[in-house]
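Protein chains in written order, with my numbering: chain E, 1 to 259; chain C, 1 to 385; chain H, 1 to 131.
By construction, these hints were calculated from the structure, which means they are not laboratory data. Glycine is no exception: its CB is placed at the ideal position from the N, C-alpha and C atoms. You can trust all of the hints, since none of them are fake.
Simulated coverage check for chain E against chain H, where a stretch passes if three residues somewhere in it have a Cβ under 8 Å from a Cβ of chain H:
| no. | segment |
| --- | --- |
| 1 | 133 to 142 |
| 2 | 149 to 155 |
| 3 | 181 to 189 |
The calculated EDC-like cross-link candidates involving lysine to aspartate or glutamate, where the alpha carbons are at most 20 Å apart (straight line), are:
| no. | chain 1 | residue 1 | chain 2 | residue 2 |
| --- | --- | --- | --- | --- |
| 4 | E | Lys-85 | C | Glu-347 |
| 5 | E | Lys-44 | H | Glu-68 |
| 6 | E | Lys-108 | C | Glu-343 |
| 7 | E | Lys-62 | E | Glu-97 |
| 8 | E | Lys-98 | C | Glu-278 |
| 9 | E | Lys-93 | C | Glu-344 |
| 10 | E | Lys-44 | H | Glu-76 |
| 11 | H | Lys-117 | C | Asp-111 |
| 12 | E | Lys-44 | E | Asp-202 |
| 13 | H | Lys-119 | E | Asp-149 |
| 14 | E | Lys-98 | C | Glu-343 |
| 15 | E | Lys-85 | C | Glu-343 |
| 16 | E | Lys-98 | C | Glu-347 |
| 17 | E | Lys-93 | C | Glu-343 |
| 18 | C | Lys-162 | C | Glu-80 |
| 19 | E | Lys-140 | H | Glu-76 |
| 20 | E | Lys-62 | E | Glu-114 |
| 21 | H | Lys-119 | C | Asp-111 |
| 22 | E | Lys-85 | C | Glu-344 |
| 23 | E | Lys-98 | C | Glu-344 |
Each chain is listed here by its residues.
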Amino acid sequence: MMNEQRREFIRKAGFGVLAGLGVAAGIVPGYSLEKTVLPAWDEKPVAGKIRWGMLIDTRKCKEGCQQCVAVCHHEHNVPDFGNRKDEVKWIWKSPYEKVFPTATQQFKSKELSERSCLALCNHCAESPCTRACPTEATFKRWDGIVAMDYHRCIGCRFCMAACPYGSRSFNWQDPRTAIKEASTSYPTREQGVVEKCNFCSDRLVKGLQPACVETCPEHALTFGDLNDPKSDIRMLLETNTTMQRKPELGTKPSVFYII
Amino acid sequence: MIEKALKGNRSYWSWIGFLVLVIVSGILAYGRQRWFGLTVTGMGRDVSWGIYIAQFTFLVGVAASAVMVVLPYYLHHQKEFAKTVIIGEFMAVSATLMCLLFILADMGRPDRVLNVLLFPSPHSMVFWDVTVLNGYLVLNLVSAWTVLGAERKGVPAPAWIKPVIYLSIPWAFSIHTVTAFLYAGQPGRHLWLTAVLAPRFLASAFAAGTALLILVSLILKKTTGFDTGKEAREKLVVLMIYAGLANFFLIGTEFFTAFYSNVPAHRHTLQYLYFGLEGHSQLVPFMWFSLVCGLGALGVLMTPKLKQSTLWLAAASAAMVLSIWIDKGVGLIIGGFVPSPLEEIVEYSPTVTEISITLGIWAIGILLLTLLLKVFVAVKREHAQ
Amino acid sequence: MMKIKKQSVIFGGLILVLFAIGAFFLHQESHAGNPMPAPPLKTVAIDSTKCIAPTEYMRANHMRVLNEWRNSSVREGNRIHLAPNGSKFQKSLNTCLGCHGSNRLFCFNCHMYANVKPKCWNCHLSPMETP
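Chain E on its own, in the form it takes in the complex (with noise of 0.2 Å):
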């Protein structure tokens, strides 16, 4: 019934010990899968009213901490393969020249030369990516997100070719065996499909923050409505110089900085 893969990545997800014996089936009840409740929002939503947006004060992002990519990561069941070539990554750090290339880069301070960056899926309000899939596997949706439909992505890796921040990965081998300790909060993926960060869509609906912004000891993500002039962001935005990647490209980002 199930391949040696399978049985191998339940053995790694530590499910193994009842999974395999059809016997226990009956006994212990399917407990584990969230019960599902009714959603944050229970009419259909009217697209554009929303636009989500997220704010990063790299000043306050410490130094070697990698709390938000491990729990980002390890939620989303993003596999690490351990190589670059193979990998896939929701969210990371890069240093500052390259996550702003495009920014000043002559006489910075020693400290921002050697500060970390975090970088995601800006999920841009004139977004490239979602121009390029030729099946609307990515589309954006009504809230601002950048999302993926992985029932009906091809694999043709368009939207990595469209996309200029590098934002999103392609799973070029199956990627349920690179995943250490599998979560049940989000399904995995499957071979030959393009992934990236979906800003935690499947906690918003459950009326949650995304990981990263709640996991963050430093607070330094702020995340909210860009639409909603009252927002947390929008009043951080007021009050702080921000910057956008590339912002000459036009994409409009939804995800800002404090340098």
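Got chain E; can you put chains C and H on it based on the hints?
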């Protein structure tokens, strides 16, 4: 008519056998790729397209072989091309077939390929490219097969074929333009983000298409004794020279804009390709070899004395094909990904599996072309008797 | 010997269950001080005593229902299924498995018998894989 492909001498069948062998090894390699995923290729997160898409891009250009003879023959009544037209069209048919196979080979989920048609997305250039390529394949196959069929029966071609042939002329321009738009519309890839990409695709396609057509006609003459005529080849050479000059001129303008404006993003990839960037120079020898081959070919073709020699003509045509194959395949597609959006340099080289699949698809295309040309030559012979 | 092994498996499983429940509550606890900015949370527990449609209908059409649910919830954000009797369900595979997952073999037995191989479990956790 197809039965004519089943009669041939020993060397014909050994050639077919050889191609089938290459195809089988390609299919085996593809099986491996399907099983283990595209991780068996040299592609990765940073260079996410490789030789499959490179071959696709080059072969769209080869399909120009048809329009380069159809246009002068049907619109300008250049009778010299009478024997070449169908060869050009058949070459376009096999080139477009290979294009489609290369796209399929590159896909992570080829089982879902029909999604492109089930969820048509006019905002995506891929949708248009699939449409124009399939259309071009059908247009050329129908025109060539119908005209050849009429010739075999010794009757004039039916009147309805004329509009089909005329339609194939603007259609040919559309396949190069739309293919260039696949790349030229991506905001983050500065090597591609240039308005001259479409004209460059047209120029390089017309140069490579005619060069390959000359090569095929020479091979046909050598293997079957069927000669398309020296005049036809001479006219093709003229077309190749102009197209080649336009191509290198356009490449030159890219250099000017990038290096005179001195905008780093515009400069970086050209620097990487032709001079090496931050110690990475894997493709530099290829790019210079491409330039030398292409310009050398033009030099030979523009020397009246050398042009007369079949050997020089064949060598120059082959050099032109090679030059554009490197420029469009290796340089343009792979180079487009270097440096990455985060200004990092990751180099790419194809794996054995990838190369086997690539050769397999080429063999499928060449096999189809062989069969089609076999029928063509047989009909021509029959008619001549 | 066999029996001991089986018992330890069951006990191991039970401990895992308790642990999971504990972790769930702890998890909930830790979120208490971090409310979602907007929109307000209006969660209502679902009625899991009945199915969204009669058994006969579901037997023949569950794949269509799931397809429809998937498209309208993922792509349009239309996450509520309104049953003819007025009760509401969230359009989610987990809504189904909330009840049907209690029999781990519910999906598999029938699919095996009918020799169909749905691809759901390539990504989604199946009842077979949960503790």
